[in-house]
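Visitor: Sequence:
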Amino acid sequence: MIFLLRGELLINSQEYPGTTFREGHVILQAIGSKIEILALTNVEYIEFWFNELPIICEQRYKNIISQSEEPNLYNPLKINDPLNSVLHILKEYLRAKITCGVYLEMKAKELVFALMTFYSDHQLSEFFYPISTYTEGFHFFVMNNYEKVKNVEEFAHLGGYSTTTFRRMFKNMYGIPVYEWILDKKRESILDDLQYSKTRIGEISNRYGFDSMSHFAHFCKASFGDTPRSLRKRAANGEKIVFVKNPTTQ
Numbered sequence: 048m049i050f051l052l053r054g055e056l057l058i059n060s061q062e063y064p065g066t067t068f069r070e071g072h073v074i075l076q077a078i079g080s081k082i083e084i085l086a087l088t089n090v091e092y093i094e095f096w097f098n099e100l101p102i103i104c105e106q107r108y109k110n111i112i113s114q115s116e117e118p119n120l121y122n123p124l125k126i127n128d129p130l131n132s133v134l135h136i137l138k139e140y141l142r143a144k145i146t147c148g149v150y151l152e153m154k155a156k157e158l159v160f161a162l163m164t165f166y167s168d169h170q171l172s173e174f175f176y177p178i179s180t181y182t183e184g185f186h187f188f189v190m191n192n193y194e195k196v197k198n199v200e201e202f203a204h205l206g207g208y209s210t211t212t213f214r215r216m217f218k219n220m221y222g223i224p225v226y227e228w229i230l231d232k233k234r235e236s237i238l239d240d241l242q243y244s245k246t247r248i249g250e251i252s253n254r255y256g257f258d259s260m261s262h263f264a265h266f267c268k269a270s271f272g273d274t275p276r277s278l279r280k281r282a283a284n285g286e287k288i289v290f291v292k293n294p295t296t297q
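Remember, our numbering sits 47 above the position in the sequence shown when you count from 1.
These are calculated hints, taken from the structure and not from any lab test. Errors might be hidden in some of the hints.
Claimed, not checked - Calculated pairs, SDA-like style, for lysine to any residue (alpha carbon to alpha carbon, straight line, at most 25 Å):
1) Lys109 with Met190
2) Lys292 with Arg281
3) Lys125 with Ala155
4) Lys156 with Ser80
5) Lys245 with Leu230
6) Lys197 with Tyr221
7) Lys233 with Glu94
8) Lys144 with Glu286
9) Lys144 with Arg234
10) Lys245 with Gly272
Said to hold, decoys possible - Per label pair, the in silico range of CB-to-CB distance:
11) His135 with Gly249: 36 to 46 Å
12) Lys218 with Glu117: 21 to 31 Å
13) Gly285 with Phe188: 31 to 41 Å
14) Phe290 with Glu201: 20 to 30 Å
15) Ile288 with Gln170: 38 to 48 Å
16) Tyr243 with Glu91: 13 to 23 Å
17) Ile84 with Gly222: 15 to 25 Å
Backbone N, C-alpha and C fix where the C-beta goes; we use that ideal spot for every residue, glycine too.
Required output: the full structure, derived from the provided sequences and hints.
Guide: Here's what the structure looks like:
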């Protein structure tokens, strides 16, 4: 979800082709969907990424998703006063760089609760349609299970696919081989842990299946250009380190 608090964005996606997205509105795009964003003015917005929507009162959401129909024309949802109140507080905490995961999870649930409470079924049905098919399909399976598997064969078996079928379906949907995609996700998660968590480097190495610290250090050097300790030190000094994918895997 993208909550635009100030300014204007030009959005280009399947749902919003060449659409001017103005402040005070929110749009939703399914994970993996192609979207291009161009700032037309100085902007301020909050992005909320999720694999599974954090729901407090789940039954209404299930009912809405089950009844969702594709709208004739997608329109950004106007941010109403109750939702704006939640966003205003959340914005201040994000500006203060609050890193308490438990608190941010609570605020995410409050954000979704405000959405589910203060809009009509019809509004929510149109808003959530982009993920109504996603939550029931191959893409949903991939995004909810890729962290649980160690290799492609295990991934395919978990979903009840033959390895050949799984590789083909994955390549058709994502445009890259499944192994490369999983490796990129692994790199992104490792970099996030090194930059934003206080987890010991040895624990991070074990979490991602490295058999030795030297192997882990070599992986980080090859992926990010530096050792785990150096990466963490750079992050502690205020540097934001971004993983840049190899052009052949994008």
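Visitor: Output the numbers, in ascending order, of every earlier hint that fails for this structure.
Guide: none
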